[in-house]
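J.: Based on the provided sequences and hints, a complete structural model is requested.
Chains A and B, in that order, are what the protein sequence lines are.
First residue of the first sequence? That's 1129 in our numbering, and the numbers climb one at a time after it.
First residue of the second sequence? That's -2 in our numbering, and the numbers climb one at a time after it.
Worth flagging that the hints you see were computed from the coordinates, not collected in a lab.
Since the structure is predicted, the reported quantities are computational estimates derived from the model, not experimental observations.
Among the clues, some could well be false.
Claimed, not checked - Simulated restraints, written as ranges between beta carbons of each label pair:
{"#": "1", "chain 1": "B", "residue 1": "Arg186", "chain 2": "A", "residue 2": "Gly1134", "range": "29 to 39 angstroms"}
{"#": "2", "chain 1": "A", "residue 1": "Ala1249", "chain 2": "B", "residue 2": "Tyr154", "range": "52 to 62 angstroms"}
{"#": "3", "chain 1": "A", "residue 1": "Gly1259", "chain 2": "B", "residue 2": "Ile13", "range": "37 to 47 angstroms"}
{"#": "4", "chain 1": "B", "residue 1": "Glu113", "chain 2": "A", "residue 2": "Thr1260", "range": "22 to 32 angstroms"}
{"#": "5", "chain 1": "A", "residue 1": "Thr1260", "chain 2": "B", "residue 2": "Gly280", "range": "27 to 37 angstroms"}
Said to hold, decoys possible - Just so you have them, the derived chain A footprint on chain B, three or more residues with Cβ under 8 angstroms:
{"#": "6", "stretch": "162 to 175"}
{"#": "7", "stretch": "195 to 205"}
Claimed, not checked - Once the Cα atoms are required to be at most 30 angstroms apart in a straight line, the calculated DSSO-like pairs of lysine-lysine come out as:
{"#": "8", "chain 1": "B", "residue 1": "Lys185", "chain 2": "A", "residue 2": "Lys1191"}
{"#": "9", "chain 1": "A", "residue 1": "Lys1147", "chain 2": "A", "residue 2": "Lys1191"}
{"#": "10", "chain 1": "A", "residue 1": "Lys1310", "chain 2": "A", "residue 2": "Lys1355"}
{"#": "11", "chain 1": "B", "residue 1": "Lys275", "chain 2": "B", "residue 2": "Lys264"}
{"#": "12", "chain 1": "A", "residue 1": "Lys1280", "chain 2": "A", "residue 2": "Lys1346"}
{"#": "13", "chain 1": "B", "residue 1": "Lys185", "chain 2": "A", "residue 2": "Lys1280"}
Virtual Cβ for every residue (Gly too), placed ideally from N, Cα, C.
Listed below, chain by chain, are the residues.
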Amino acid sequence: MFEAGGIWCGYEADIDVIKGLDFTVGQEVFAILGANGAGKTTLLSAIAGLLPLTSGSIRFGGKTISGVPPWRIAALGIGFVPQERGVFPDLTVLDNLRVGGLVAKHARGERIDEIMELFPALADLRNQRAGTLSGGETKMVAAGRALMQDAKLLLMDEPTAGLSPLYVENFFDRIRRIHETKGVAIIITEQNATKALEVADRAMVLSLGEAMTITDAKDLTTDQLRKGYKI
Amino acid sequence: MSAVWDYLFGSPAFLIFGTYTLMMIVGLGILLHLQLGVTGIGNFGVAGFWGAGLYAFGIMQVTYDVGFWPALLVATAAGGVLGLITGWVIADLDDDGVLAATLAVATIVYLAIDSEKDITGGRVGLGTIDFPFDVGKRTDLAWLAILFGVVGVLLWYARRVHRSPYGRLLIATGTNEPLARSLRKPVKRTKVGVMALTSAGMGALGGLYGPIVHFLFPTQLTVAITVSVITALVLGGQQRPLGAFVGALLTVGLFDIVIKLYVPLPKDLLEHAFPVTKQIIFGALLIFVLLFRPLGFLGRMRRERHVKGLSRV
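T.: Next comes the structure, spelled out in structure tokens:
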């Protein structure tokens, strides 16, 4: 479904943050773990088309998507939930979801109902401006908005960063539910390795832009994790 | 009763001209609201788009002896084409770049009109432009009614935009452009489109201003127009369709109509100290608003509404 082959990228011409990553993601929840500065956000931005590759290629659904503009990548079914600024603050929750919807108008209502079912807390907030929501609620809107795109693959960049423990627990449950009920493949970056490994099928430990390990989540050892986090 | 009437409407020409100016600022402010308050395009060249329409109208009427409606159409097109080109240029610029580029457009328009002589008349001016109809003493009042109607239509349109999917697209583009881009929204086309459409409106307002002043001079296109519109919009509330109206009442309405017409100031004070004092007060008001109410007196745009069930989405 998704293949990254020898990808290099970064923010300046001569400084690469991601250094020759090779990995594939199937119909699964794939966790990318690593400390601050490991390159998790950079990697997701590159997949979403927001950052050009220096070399290598990314393929999705049999098509090469590296070098393709972000809006075309979105049209192919890749939804991106950025770590920050994932909503339109001046629009209501409902309008945020509508903006995300690429589906037909009649189907959009049903899709919104599904999102509200997935995140019941949003139902009461649907007419509230997204800019006035708490961190957790904002992340739910961002995730819901990405799902409105009819995403086949969801890229979630540290979706629980800065959330209270109660929200974290709840959010990971939702992530698993999104995958199981909607059949959406998910690539999730996280610093909270324990929680991410509870919902992930496979995981990659990233350190300074290089993959230390790619393995089944249940097989990941503390030593492998330590290498990535440079503890 | 008669004394009150005389007091209020004793100087009808002055009152009507002041109201013309007020409505012009409100109209331009509503269009700027769609650019700045909704789409996040900081247009500092309002005078240029308005002036392009004003002079296109004047040139058509005076130099080429074209009738009112074709001239107004050319004025609208002039603003629209200038907006289209400007929109294309600024679509990928950051906020500072947009401010500089739009100011540059207004400066180019001013310099072109000021330095050209055969078509625009240069500093000598261009005239005369008359009202397209004559109903005797009531002609200026009839024109004012038309201007009220045009501003009313603009206000109605701005409010409709707020409630429409198009408005949602504009707000999404204005508040989080990278996210809108990643959601397959045509951000560049949206910005170019809104610039073309609203600038066409500014051009049309310029055309409608021609018969009011009868004679056109480049000095009518200075940055003062832009500053008045921006001041009114920022004071009233840049995110609200009525923001420009409230702001214009507080600035042009209060200072250029009420005080000038109804406060018995000595002539010397009115001619010399008043204009300077007015600018100082405007500046102080702007600082006050930006410090304590950054979104203006009317505040943030209203998106919240009563939704009668999700089946309506």
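J.: With reference to the structure, classify each hint as holding or not holding.
T.: How the hints compare with the structure:
no., hint, in the structure
1, B/Arg186 x A/Gly1134: 29 to 39 angstroms, "holds, 35 angstroms"
2, A/Ala1249 x B/Tyr154: 52 to 62 angstroms, "violated, 36 angstroms"
3, A/Gly1259 x B/Ile13: 37 to 47 angstroms, "holds, 43 angstroms"
4, B/Glu113 x A/Thr1260: 22 to 32 angstroms, "violated, 52 angstroms"
5, A/Thr1260 x B/Gly280: 27 to 37 angstroms, "holds, 32 angstroms"
6, 162 to 175, "holds (count 9)"
7, 195 to 205, "violated (count 0)"
8, B/Lys185 x A/Lys1191, "holds, 26 angstroms"
9, A/Lys1147 x A/Lys1191, "holds, 22 angstroms"
10, A/Lys1310 x A/Lys1355, "violated, 34 angstroms"
11, B/Lys275 x B/Lys264, "holds, 15 angstroms"
12, A/Lys1280 x A/Lys1346, "holds, 24 angstroms"
13, B/Lys185 x A/Lys1280, "holds, 26 angstroms"
Hints 2, 4, 7 and 10 from the earlier list are contradicted by this structure; the remaining hints agree with it.
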